[in-house]
Amino acid sequence: MRTHGWSGSAPATDEEAIARILDAAGQAIDAQGADFSIADIARTLGVTRQTVYRYFPSTDALLVAAAVHAASGFQDRLATHLRGITDPADAVAEAVATTLEWLPQDKHLGLLLMPGRPNPAHRIGDVGRRAGLRPLDVAPV
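In numbering that gives the first Met the number 0, the protein residues as written are 0 to 140.
Simulated from the structure, these hints should not be mistaken for lab results. C-beta: ideal position from N, C-alpha, C; glycine also. Among the hints, erroneous ones may be present.
[Stated by the list, open to error] Estimated spans, in silico, between C-beta atoms of each pair:
#1 59 <-> 26: 37 to 47 Å
#2 14 <-> 99: 25 to 35 Å
#3 82 <-> 104: 15 to 25 Å
Please model the entire structure based on the sequences and the hints provided.
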């Protein structure tokens, strides 16, 4: 790992670098939605665009990875909301209703649902998978 850049505080691992990039992308999504570039993220982190491209091959790949990364927070909030519901049918109904209520306000997950957006499972890439990124954890029925 190179030691220059990163505003003087280089990450210790690739996983830490990915986490910082995803945090910066998440902040960009919060501020301006999908209208950001690799250059914006690089500038925020104090690195070159090539450094960001090392981990994410395009702005779209970074956008999808940031949205998938945000999905875990959504799942955690939903699990907390459903805690205490013991009847499976009630839990499913409440999960669907709550998801439909929350999704329109969730900028990050909304990016995954935009028309024409490819399936994120095919877009995360090896580096993202090694960092623990994955599509929603849904067990097959």
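To see whether the hints hold, each was checked on the structure:
1. Between residue 59 and residue 26 the beta carbons are some 18 Å apart, a value that contradicts the proposed interval 37 to 47 Å.
2. Separated by about 34 Å at the C-beta atoms, residue 14 and residue 99 satisfy the suggested range of 25 to 35 Å.
3. Restraint check, residue 82 to residue 104: a C-beta distance of roughly 21 Å satisfies the suggested window 15 to 25 Å.
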